[in-house]
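Asks: Starting from the known structure of chain A, fit chain B onto it as the hints suggest.
Spelled out from the first residue to the last, the chains are:
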Amino acid sequence: MDMDALIGLLHATIRLTTPLLFAAIGGLYNERAGVINIALEGKMLLGALVGFMVAFSSGNPWLGVLAAAASGALVALLFAYVTITLGADQIVSAVAINLMMLGFTGVVFRLMKAANSGSLSAPTFQEWTIPGLAQIPVLGPVLFRHLPLVYLAFLLVPLAHFIFYRTTWGLSIRAVGEHPRAADTLGVKVRTVRYLTVLWGGAMAAIGGAVLSIGHNSTFIENMTAGRGFIAFSAIVFGKWTPLGTMLASLLFGFADALQLRIQAGILEPLFRNLGIQEVAYQIPVMLPYVVTLVALFFIGKSHWPAAAAIHYDREEG
Amino acid sequence: MGETPFLRMEEIVKTFPGVVANDRVNLEVRHGEIHALLGENGAGKSTLMNVLYGLYQPNGGRILLEGRPVAIHSPEEAIRLGIGMVHQHFMLVPPLTVTENVILGLPGARGILLDQAEARQRIQEIADSYGLEVDPDAPVGTLSVGVQQRVEIIKALYRGARLLILDEPTAVLTPQEIQGLFTVMRRLVADGRNAIVFISHKLDEVMAISDRVTVLRNGKDVATLETQATNKAELARLMVGREVLFRIEKPPAEPGPVVLEIQDLVVRDDRDVPAVRGLSLEVRRGEILGLAGVDGNGQRELAEAIAGLRIPEAGTIRIQGQDVTRMDAGDLLRFNLAYIPEDRQREGLVLDFTLSENFIAKRFRRPPFSVRGFLRHPAILDFARRLIRRFDVRAPGPEVEARKLSGGNQQKVVLARELSQEPDLIISAQATRGLDVGAAEFVEQQMLAQRARGAAVLYISNELEEIFNLSDRIAVIHRGEIMGVVRPDQVTPEELGLMMAGIRREGAPATESPAEPVSSNPGGHP
Numbered sequence: 093m094d095m096d097a098l099i100g101l102l103h104a105t106i107r108l109t110t111p112l113l114f115a116a117i118g119g120l121y122n123e124r125a126g127v128i129n130i131a132l133e134g135k136m137l138l139g140a141l142v143g144f145m146v147a148f149s150s151g152n153p154w155l156g157v158l159a160a161a162a163s164g165a166l167v168a169l170l171f172a173y174v175t176i177t178l179g180a181d182q183i184v185s186a187v188a189i190n191l192m193m194l195g196f197t198g199v200v201f202r203l204m205k206a207a208n209s210g211s212l213s214a215p216t217f218q219e220w221t222i223p224g225l226a227q228i229p230v231l232g233p234v235l236f237r238h239l240p241l242v243y244l245a246f247l248l249v250p251l252a253h254f255i256f257y258r259t260t261w262g263l264s265i266r267a268v269g270e271h272p273r274a275a276d277t278l279g280v281k282v283r284t285v286r287y288l289t290v291l292w293g294g295a296m297a298a299i300g301g302a303v304l305s306i307g308h309n310s311t312f313i314e315n316m317t318a319g320r321g322f323i324a325f326s327a328i329v330f331g332k333w334t335p336l337g338t339m340l341a342s343l344l345f346g347f348a349d350a351l352q353l354r355i356q357a358g359i360l361e362p363l364f365r366n367l368g369i370q371e372v373a374y375q376i377p378v379m380l381p382y383v384v385t386l387v388a389l390f391f392i393g394k395s396h397w398p399a400a401a402a403i404h405y406d407r408e409e410g
Numbered sequence: 096m097g098e099t100p101f102l103r104m105e106e107i108v109k110t111f112p113g114v115v116a117n118d119r120v121n122l123e124v125r126h127g128e129i130h131a132l133l134g135e136n137g138a139g140k141s142t143l144m145n146v147l148y149g150l151y152q153p154n155g156g157r158i159l160l161e162g163r164p165v166a167i168h169s170p171e172e173a174i175r176l177g178i179g180m181v182h183q184h185f186m187l188v189p190p191l192t193v194t195e196n197v198i199l200g201l202p203g204a205r206g207i208l209l210d211q212a213e214a215r216q217r218i219q220e221i222a223d224s225y226g227l228e229v230d231p232d233a234p235v236g237t238l239s240v241g242v243q244q245r246v247e248i249i250k251a252l253y254r255g256a257r258l259l260i261l262d263e264p265t266a267v268l269t270p271q272e273i274q275g276l277f278t279v280m281r282r283l284v285a286d287g288r289n290a291i292v293f294i295s296h297k298l299d300e301v302m303a304i305s306d307r308v309t310v311l312r313n314g315k316d317v318a319t320l321e322t323q324a325t326n327k328a329e330l331a332r333l334m335v336g337r338e339v340l341f342r343i344e345k346p347p348a349e350p351g352p353v354v355l356e357i358q359d360l361v362v363r364d365d366r367d368v369p370a371v372r373g374l375s376l377e378v379r380r381g382e383i384l385g386l387a388g389v390d391g392n393g394q395r396e397l398a399e400a401i402a403g404l405r406i407p408e409a410g411t412i413r414i415q416g417q418d419v420t421r422m423d424a425g426d427l428l429r430f431n432l433a434y435i436p437e438d439r440q441r442e443g444l445v446l447d448f449t450l451s452e453n454f455i456a457k458r459f460r461r462p463p464f465s466v467r468g469f470l471r472h473p474a475i476l477d478f479a480r481r482l483i484r485r486f487d488v489r490a491p492g493p494e495v496e497a498r499k500l501s502g503g504n505q506q507k508v509v510l511a512r513e514l515s516q517e518p519d520l521i522i523s524a525q526a527t528r529g530l531d532v533g534a535a536e537f538v539e540q541q542m543l544a545q546r547a548r549g550a551a552v553l554y555i556s557n558e559l560e561e562i563f564n565l566s567d568r569i570a571v572i573h574r575g576e577i578m579g580v581v582r583p584d585q586v587t588p589e590e591l592g593l594m595m596a597g598i599r600r601e602g603a604p605a606t607e608s609p610a611e612p613v614s615s616n617p618g619g620h621p
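Protein chains in written order, with our numbering: chain A, 93 to 410; chain B, 96 to 621.
The shape of chain A in the complex, shown without the other chains (with noise of 0.2 angstroms):
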């Protein structure tokens, strides 16, 4: 492999990080707070949408961020209503999420297809290339000429970072999630905390969604998210719940995503005839993300969950 593969490899590693960045990142909050959040997939896909149809209408592709945002914020409204507020199940209540926003943004989609004739092609965001950083041999091209998202994305790890460990309101997070009822006694509001963090991690997730739609690509594609809000979900576990770790995670699946598109572009091909192999199917390689997180969940050993993950906290009980 020549060294511009390579760059443009690396490149794509942070380029297909990015969704799973903002995604994992702002389910960290939740997880912290003690709320599992498996309905990242369905935020996200959602976000793809919503990001999608109002660049599309407003010509504008950070609006297009704003509103995939806020819908993420309301499907996450709803998702901490049920669970925070009624008491639900968080894994059901986020299964049906993800099964209502499949169907929900597939007709959404089908119906905008039909009522405009035309190309259904929504403006992008250019590159901002990094004067001076980007003229770095190597890591220049790889690091520094990115969509803005994409570093927004990764000033969320160290922002994610300060809050948790630095700030009170990180502490209330990381008490919710461990001892809810030992926060409460001091006076942390719970429910607070968790509907807050819960709707933070609604409105990354959606980001993360829109940069699939309007930042990688310039439209909606049925399901485009492809279970990539599970990898995120994932990422969080592999990264054992650290901003850190998670991130790494994200970058790892990143990079299984951006090889798997380059075997697909047939950079293995010489090797596959050395091997007497004619041809691979493509769905061999699309495999490889959804395979490497698998091995990773495998080899993670015993995770520490934060305590009172995915349990419902009510004062008067117990």
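Treat the hints loosely; a few may be bogus.
[As the list claims (entries may be wrong)] For the chain B half of the interface with chain A, some residues (derived, Cβ under 8 angstroms), not all of them:
| hint | residue |
| --- | --- |
| 1 | GLU171 |
| 2 | HIS182 |
| 3 | LEU187 |
| 4 | VAL188 |
| 5 | GLU195 |
| 6 | GLY200 |
| 7 | ILE207 |
| 8 | LEU208 |
| 9 | ALA212 |
| 10 | VAL242 |
| 11 | LEU404 |
| 12 | ILE406 |
Note that these hints are calculated values from the structure, not bench results.
Predicted, not measured: the structure shown is a model, and the values here were computed from it.
Idealized CB from N, CA, C, for every residue including glycine.
Replies: This is chain B only, laid out in the frame that chain A set:
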């Protein structure tokens, strides 16, 4: 401050679905006093204090603080009013440090930024002035329960608490730690500004530390007395509603051959640290060996190793002479071993199963309870009804879920299952924990009955009084080692306390192998 009491709770009513937990309860606490709130489990002590702390909203009554009526809707408001509570089950977040636990929920001096340096300094000041020694940077999960309790007290004081509620604070402490706590309590009220509500069901402690005592029974306040003007017997009668025997009548033991023999046992705990470290002991037929010690010194691991729930790393366990070291609980069934686990709700019972299902949990594979893989309900129900009667389980019927029973009745279900098989060996871990006087008495009577029948009993407890009452011999465990084996009539609670704190008993006659006099005198006990 004069005549106005610090706190008045008037006619407090709190109901839960189907239960009146507080039935027009009155409580008055004065400045500078340690006020004991005495009652059995379920008498409504914790409920009353949870009302005061804003965790529960009362259905009636009012609260006056220094003469002013207050409504306390949340712990936050209670804290603002200067009320602090140290809960029976500590409200600490184990992965967080002492400092983080203390400042949790407080607005920082620097806005949302955590200011740990300043907090650490204030913690140190509080610790120094009341003798509450603690490392501010240690993760709370790594500290002993005694130290965790100090963190709880610091937490309340840090928030400016002047009225401190201590909910059963001595349950988890050694005698020395209890003395330390009492010293701290006296210092706290010394200047006459503060007050302490001390919740307890232990009469000795109430007599030792309190200025006045309010007794609760079945959700009602039955009396408030000056401690000096009362005595244990009167308090016990008020608390239980009948006369209570403090000494259990016990015929002398007639120990037979060794049933359980443990040699140089090493067992690791869940964190993979050796919790039992080269321990040896033996229990004979017809005797109760009490194992005293502070919680977390390897008792759990030892009990689990014997019961086949944890594989020892080294050493041997023999039952009736057979090596069972590496056998699991299933293999041990044929040794007729009864195991009463420390945590009856998680290990002793399946809470969502009915009583009859819990009763047959060990035997459902055999007739008459199942035939060719099919459960035989008539036999199961019949068996359950008999056990309910024999062990006096207060339950609507055999088909009710174990979850619905009170703690004492749940423990009776465990005892019924384990003891009805007429075991040769009983491993009992903290069998009376959390039980009220009546239920605890029942457990103790059952143990004595088993001893009389010829069972060998290893009775693990951190209640010293109980160990003294029941045991024929007492072994003290500290950090997974036996500090000595003594006879209850040859040792004082203070000496036992020192052994529990890790001081090996040297030279005293009782430390020599206690099996000797018995084996040389098989006809009976001298």
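Asks: Given B:ILE406 was flagged as interface, is its beta-carbon under 8 angstroms from a beta-carbon of chain A?
Replies: This interface hint is violated because 18 angstroms lies over the 8 angstroms limit.
Asks: Restraint: B:HIS182 near chain A, CB-CB cut 8 angstroms. Satisfied or not?
Replies: holds (7 angstroms)
Asks: If you take the shortest Cβ to Cβ gap from B:GLY200 to chain A, is it below 8 angstroms?
Replies: holds (4 angstroms)
Asks: If you take the shortest Cβ to Cβ gap from B:VAL242 to chain A, is it below 8 angstroms?
Replies: The hint is violated - B:VAL242 has no Cβ within 8 angstroms of chain A, the shortest such distance being about 16 angstroms.
Asks: Can B:LEU187 be said to touch chain A, with a Cβ gap under 8 angstroms?
Replies: Status holds, d = 6 angstroms.
Asks: Report holds or violated for the interface hint on B:ILE207, using the least CB-CB distance to chain A and a cut-off of 8 angstroms.
Replies: holds (5 angstroms)
Asks: Given B:GLU171 as an interface hint, is its Cβ closer than 8 angstroms to any Cβ of chain A?
Replies: holds (3 angstroms)
Asks: Does B:GLU195 hold up as a contact with chain A if the rule is Cβ-Cβ below 8 angstroms?
Replies: holds (6 angstroms)
Asks: Quick one, is the B:LEU208 hint okay against chain A at 8 angstroms, beta carbons?
Replies: This interface hint holds because 6 angstroms falls under the 8 angstroms limit.
Asks: Under the criterion of a CB-CB separation shorter than 8 angstroms, is B:LEU404 in contact with chain A as hinted?
Replies: Not OK, violated: B:LEU404 not within 8 angstroms of chain A, min 19 angstroms.
Asks: Tell me if the interface restraint on B:ALA212 is satisfied: Cβ within less than 8 angstroms of some Cβ in chain A.
Replies: The hint is violated - B:ALA212 has no Cβ within 8 angstroms of chain A, the shortest such distance being about 12 angstroms.
Asks: Would the hint on B:VAL188 be counted as holding, given a Cβ-Cβ threshold of 8 angstroms to chain A?
Replies: holds (4 angstroms)
When each numbered hint is compared with the structure, violations occur for hints 9, 10, 11 and 12.
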